[in-house]
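Undergrad: Make a model of the complete structure from these sequences and hints.
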Amino acid sequence: IYQSDVLHFWPAVINIIAAFIGNYIGGGLIIGLFYAYLNDHKQFKNEL
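Counting from -1, one number per residue, gives the positions in the sequence shown under this note's numbering.
Think of the hints as simulated: they come from the structure by calculation, not from any bench. There's no promise every hint is true.
Said to hold, decoys possible - Across the chosen pairs, the derived CB separations fall in these ranges:
| id | residue 1 | residue 2 | range |
| --- | --- | --- | --- |
| 1 | Lys40 | His6 | 47 to 55 Å |
| 2 | Gly20 | Tyr0 | 20 to 28 Å |
| 3 | Lys40 | Trp8 | 46 to 54 Å |
Every value quoted in this text rests on a predicted model; they were computed, and no experiment measured them. Think of the CB as a built atom: it goes at the ideal place given N, C-alpha and C, for glycine as much as any other residue.
TA: Put into structure tokens, the structure is as follows:
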């Protein structure tokens, strides 16, 4: 299926690294901050 003479090692590694960084920023930080915003506990601040 794949042509091994066309698939080079370093462009594939660079692509995997770029995808990892993009997934870390997009999934870890942006979605994480959005869930932290949704899970705001300021509504319980006045119960003391």
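Undergrad: Could you run down the list of hints and mark each one as holding or not?
TA: Hints, one by one, checked against the model:
Between Lys40 and His6 the beta carbons are some 52 Å apart, a value that agrees with the proposed interval 47 to 55 Å. A hinted range of 20 to 28 Å for the beta carbons of Gly20 and Tyr0 is consistent with their spacing of about 23 Å. Between Lys40 and Trp8 the Cβ separation comes to about 49 Å, which falls inside the hinted range of 46 to 54 Å.
Of the hints listed earlier, there is not a single one the structure fails to meet.
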